[in-house]
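If you use mature numbering (1 follows the signal peptide of the UniProt record, and there is no 0), the sequence shown corresponds to residues -19 to -1, 1 to 610, in order.
Since the hints were derived computationally from the structure, they do not count as laboratory data. Any given hint could turn out to be false.
Stated by the list, open to error - Here are the simulated DSS-like pairs of lysine-lysine, each with C-alpha atoms no more than 25 angstroms apart in a straight line:
#1 219 - 107
#2 542 - 408
#3 88 - 103
#4 464 - 228
#5 583 - 519
#6 560 - 228
#7 219 - 115
In this text, all values refer to a predicted model and were calculated from it rather than measured experimentally.
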Amino acid sequence: MLLTSYSVSAAFALLLSLAIWQFEPFKKPSRITCYQRIDTLSPTNDSFTCIQASDRSGQVLHLFNHSGYSDSNGLEAWDMNAGYVIPGLWDGHGHVLQYGEMLSGVKLYGAESVDAIRTRIKEYQKKNPTHGGKARWIRGIGWDQMYFGGIMPIAVPILPVGNEQLSQDPELSGLYIMLDRVDGHCVWVSEPVLNLLPAPFPEIPGGEVITNPGVGVFCDNAMDPVFSAWPRPGRDEKIGFLEDAMKSLHSVGIVGIHDAGVLPADVEMLNDLADAGRLTLRFYAMLECPVRNTICGSKVRMVHREDGKLSVRSVKLFAGMCSVGCGITCAKPTKDMTDGALGSWGAALLSPYSDRPNATGTMLIEEEDLYSIAKGWDNLGYQVNIHAIGDRANRAAITAFENILKLFCPRSSYHEACSLRELQGEKRFRIEHAQIISPEDQERLVNMGIIPSIQPTHATSDMAYALARIGPERLTRSAYRMKSFYDAGLPVILGSDFPVEPPSPFAGIYAAMTRRSPGGGSSENDTCPECGWYPEEKITLQEALGGFGVNVAWGGFMDDKGVGELKVGGWADWIVLDKDIWAVGEEGIRDVKVLETWVAGKRVWAADERSVRPGSWWRRAWQRGILGE
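Please model the entire structure based on the sequences and the hints provided.
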């Protein structure tokens, strides 16, 4: 075909325009967005009114005040919005897939009787009539036997215990139901599920089948056969869970997550979604092996994406077992799990429970094996994170880390040339939960700089029964430390452990600042309820924001990315609040609402689309110059 001079000219013009577009000065304009105030939370704590971010690199290009800034560079028109900006918040310990699944399941939090639980299940089943069959079970989370007398529920009426079973209700008797305890360490199943399990049920190390008052609840490692029988969701369903979870997490200001338990198969799914541009949440994933507390490094590859959407360089291990009901486990991080939960007498203690003198909880793994597995993961180059709640489990975790560090510093007396704390600064070993630690082990933790990853709302949830469980001396000297660790110079990571607790960072900030329940503002301090529960462990707003920001960055090897602060060259992740977080006071923290969430310079969530358009109020304010210089 002959080319006309017109077609040649058109083709040349097209090529020239493409070349010009690729040339940096002519690239797509970056975005400038202005607000009432932007708090950078930088070391100098600077504040501005405008932020310029690159749509391509996802980085902050410029922070400035609107007055005196010239828009002579041909940049995109400014967006002018009401609201107060702080850096995007991270949750230091959560479970995204499980959270997404539970968003579509039965919510049992706060149910005060088995009757109330059955009512919620029936209401759910009416709305989801395809759930409850053998191919798709009814799933739920949030029950707590402490609401109904401390007696564990059962599946079938083996003993005359009134209404403590699912099969008694004719509307539920034929349904396949699996309900997670509030802490995730036990599951309660219906009779059809029970019939799928081996009989007699085998004795499983690190697990417990509750037999009093009857069978139906399985804890810790004893949950494994139940999960083996459960028809697991497929990839498409998991992606749906992820999308629901990301939207919900963005709505409370979360831009990134240390996901405490990602299976090898799910790592590839997350990476594929990141490749496709479908991950709006940043993931720092703790690898969890399909068989808990093993080494499965050959089944997964480390991932460290340049766009910051996925990092897999850690592993989660488990140190202790449960005796009467327990929890959820944790890619570079791995998470090892040592023990169960306090509420179900599963946390492994050095001395018996105060309200159950014949029980000390159970270790999920022997101390020597924990060290061996942790060392194996460290040899592979993974950061090791160990789940530990009770003081025995925490001692095992601290000892395992100490022995690994000593391999690189084999001296009985250390000096500047060989410091365990300096080595720990490279390894960044973590203890997930770190709830009950004996005073002598607290000293070891501090001396080595081991990172405690704490959930402030666990303290306010546990305060109703913690005194009964462990008594006044352990509670006063060993349990639920926060301020003590901050003052000792540890980079305390804060999170929620969602779906065990609601994911809002502001609930966690409130609990950390006040030591009171975010739900009702109450505490178990009889002499001064408004003072909070063990108020000496309160932390400041600045410290709490650091726990959901810069400390999370340190614990995830992201301290060079601007996580937890806004700075030029750092990740352009920020959230817009409806109130000035510095002016609302302690009680006002609970009422702060997120208006917008931005990740990598793109708005990923907005409370109301109208709120993200330039408004006449904003323009008038701008013109009057009331937004500051």
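Do the hints match the structure? See the list:
Under the criterion of a C-alpha separation no larger than 25 angstroms, the hint pairing residue 219 with residue 107 is consistent with the structure, at around 23 angstroms. This hinted pair checks out: residue 542 and residue 408 have alpha carbons roughly 18 angstroms apart, not beyond 25 angstroms. Between residue 88 and residue 103 the CA atoms are separated by roughly 12 angstroms; this keeps the pair inside 25 angstroms, and the hint holds. For the suggested pair residue 464 and residue 228, the alpha carbons sit about 32 angstroms apart, so the restraint of at most 25 angstroms is broken.
A C-alpha spacing of about 35 angstroms is found between residue 583 and residue 519, which places the hinted pair above 25 angstroms, so the restraint is violated. For the suggested pair residue 560 and residue 228, the alpha carbons sit about 21 angstroms apart, so the restraint of at most 25 angstroms is met. Between residue 219 and residue 115 the alpha-carbon distance is near 19 angstroms, which keeps this suggested pair within the 25 angstroms criterion.
Checked against the numbered hints above, the structure violates hints 4, 5; every other hint is satisfied.
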